[in-house]
Amino acid sequence: MTQPPVLFRLQGQSLSYGDRPVLRDIHLTIRQGERVALLGPSGAGKSSLLTLLYGQQAALSALYPQSAGLVDLLSAYQNIFVGGLERFGTLAALWNLVRPLPQARREIEALAQTLGLEDQLWQSVDRLSGGQRQRVAIGRALYRRQPIFLGDEPVSAVDPLQAQLLLEHLLAQHETAVVSLHNRQLALDNFQRIVVLRDGAICCDCPASELSEQALDSFYAEELSAPEASADVGPQGMIPSC
Amino acid sequence: MLSFDRRSSVRTLNGVCLLLLLLALLALFGADLQVYPVDPWHELGRIGRGLLLPAWDDFPLLLQALGQTVAFALLAVALAVPLGLVLAMLFHWRGVRYLCAAVRSVHELFWGLIFMQLYGLGALTGLLAILLPFAATFAKVFAEIFEQQAPEPGLAPGPRVRGLKRYGYTLIPQAWPALLSYTRYRFECALRSSAILGFIGLPTLGFHLETAFKQGQYSAAGALLWAFLLLIATIRYWLRPRLIPLYLLLALWLLPQTPGFSNGGYLWRFISVDIWPAPLRAGDWSGTLAWYSQMFTEQVWPGLVQTLLLTQLALLLTGALILLFYPLATRALAGPWLRWGGRFLLLVLRSTPEMIFAFVLLLLFGPSGLPAVLALALHNSGLIAFLVANASDAEQGSRLTRPDDPRGLLRYAYLETPRRFPALLAFLFYRWEVILRESAIMGILGIATLGFFIDSAFEEIRYDRAMLLIAATAVLNILVDSLSRRLRALARTDAQRQPGLIDPPQKRSPKQTMTRNTEPQNG
Chain S
1 MTQPPVLFRL QGQSLSYGDR PVLRDIHLTI RQGERVALLG PSGAGKSSLL
51 TLLYGQQAAL SALYPQSAGL VDLLSAYQNI FVGGLERFGT LAALWNLVRP
101 LPQARREIEA LAQTLGLEDQ LWQSVDRLSG GQRQRVAIGR ALYRRQPIFL
151 GDEPVSAVDP LQAQLLLEHL LAQHETAVVS LHNRQLALDN FQRIVVLRDG
201 AICCDCPASE LSEQALDSFY AEELSAPEAS ADVGPQGMIP SC
Chain L
243 MLSFDRRSSV RTLNGVCLLL LLLALLALFG ADLQVYPVDP WHELGRIGRG
293 LLLPAWDDFP LLLQALGQTV AFALLAVALA VPLGLVLAML FHWRGVRYLC
343 AAVRSVHELF WGLIFMQLYG LGALTGLLAI LLPFAATFAK VFAEIFEQQA
393 PEPGLAPGPR VRGLKRYGYT LIPQAWPALL SYTRYRFECA LRSSAILGFI
443 GLPTLGFHLE TAFKQGQYSA AGALLWAFLL LIATIRYWLR PRLIPLYLLL
493 ALWLLPQTPG FSNGGYLWRF ISVDIWPAPL RAGDWSGTLA WYSQMFTEQV
543 WPGLVQTLLL TQLALLLTGA LILLFYPLAT RALAGPWLRW GGRFLLLVLR
593 STPEMIFAFV LLLLFGPSGL PAVLALALHN SGLIAFLVAN ASDAEQGSRL
643 TRPDDPRGLL RYAYLETPRR FPALLAFLFY RWEVILRESA IMGILGIATL
693 GFFIDSAFEE IRYDRAMLLI AATAVLNILV DSLSRRLRAL ARTDAQRQPG
743 LIDPPQKRSP KQTMTRNTEP QNG
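Protein chains in written order, with my numbering: chain S, 1 to 242; chain L, 243 to 765.
If we strip away everything but chain S, and leave its shape as in the complex, we get:
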């Protein structure tokens, strides 16, 4: 049986900002149809890895960056519309700022319904709560309508039940997904493959079925038991590489 084509391939990739190494010798291959969860303590390099992956498949990816990059003054509707900009002509897109295009309006209203944003659709996003803003940014990614979803903590600001539903929806709408999460249970429940990053390197890459929450906890726990970490300092930079 032939394997699905490879979408992302990193071979010995390293990356540093100035003197600070953020990714070290990353080997990673992701094929079409795979659902990969990225785990690891904050500062481990998950966001940088996602940015690298995005660079490899920019045209086919719907991106959810951690900062969400919303435009505060625009309504939730317009922020979601930005995801679909490339499907509309320039003039139509400019007119949409004055008066929403009927087609886009229908589509985005339906999208808002599934995201639970119907009441906030016409408010400027600076007046929305953290969870609502997050759902607007997810709406923007969904409205990209691409086969790949690259998400950086896309459900960090919503309650667990909602997070599960949103994640299910995102995975149903995208054939391939690479999503960084901090909720380990969510990762185990929804993804087939789990990649754990520590200190800029991959320290675990295996099927979710072989892992348990306790096993995952150990990747995080070591940092806490490390003697330096007891000094009430953040976990970055003091974890022994695994």
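Hints are supplied without guarantee of correctness; some may be wrong.
To be verified - Label pairs and their in silico Cβ distance ranges:
#1 S:L161 <-> L:R478: 52 to 60 Å
#2 L:R649 <-> S:Q214: 43 to 51 Å
#3 S:P207 <-> L:G577: 43 to 51 Å
Derived from the structure by calculation, the hints contain no laboratory data. Positions of the beta carbon are idealized from the N, C-alpha and C atoms, including for glycine.
We have chain S; now place chain L onto it with these hints.
Relative to the frame of chain S, chain L by itself:
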């Protein structure tokens, strides 16, 4: 008036913009914007040629004009800063606040016209004309800077340490960078003020520029303008802290002499007699009333209305031009190389005083409100667009940038403009008061704003009229200032709602304003 929808910031801002638009449309009907049948294109061609091919042959004159312009600005600022600092420490006294507001509301040129009556066309007139309004502005802004400082260091010396000791050991050192950067910015403004004082006859750049333009020597005028722009663009290279004492000595030596025809008795006569209408001095109440009502219907009201109309038109046009100009100077929209062209354009626009633009445009379009509106809009849009473009560049590569952000025109419409808009509006309201003051003085060039009547009154040596008109201008200015502060607070609450990322918008104290050194007020 406006109903503010708490659910959408954009609706609030759109409401404010709509109001500005409606006011400007109304102003369009009342304002005198007639183009007089001069042949502008021929003249414009000659001016353009003069600007492109400046004549540098009269170098000594050029040097003298620039030298005296810098001398007035430097000495005036050197005196205004300590004065402003002292006043800032006393700013909690209501009397000081009101005095400063009144002094600030009168434009440098009007102060120049007043002191000219007392001290003639000499050094003292020019110095006082810049010194007084600048000291009052320094007082207000320094006081605001002190207010913004963190209170903790002030608590350390204990509550009994007050006054100078307290300022000297806590507030001034704390606020030093902000004070310095604002002073630097105001020095640039002082150079512009000093230059345009030439329009009332002081031997600064404006005088030579006016002469050259009136004689049609556009190449000589071009050289003066370019030299002035160069002077302003290179301030940070030649204005070294260590050289300032030397410059101050040079400036003292360069100042023109003050003719000695004035004495204290003359000043007293001016204040106690000359500036009051004759019927009032005679105690004739009905005559006084008649004098005031006649002045009001014939000069104050028409001048006030024209000034306001031109201000509103200029304000709207400024906003439109900012939206047009700012993308030209941003890295995100114009690209790393083309943006230098845009930045050069904005440098020329913001460095050239409005009066000079207006003067040139008057030659082209004749004496109507049109040149004033265009000149005000060009200068102010250059100034604000520069700040807006800087804000856009500062955001490049920040956490807000996404790799899939739209590009080109769509980036302009969907991303840059909405993100920049609240700050843009706040800047525009900061300049409102300045635009009003400037459109009043445009009258000196023959446009029927308040300055026209003031200038005529001085020419006819009717100081009573001049003073009434100046007082009316000042009151109008103070009113607009307080209104603009309210509108700004509205725009600011939204501008301050900084991209809170995923976190809910944070509450901020009302004291936090935009970074002070970029504030384009009182230019």
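**Q.** Those earlier numbered hints the structure runs against, lowest number first
**A.** none
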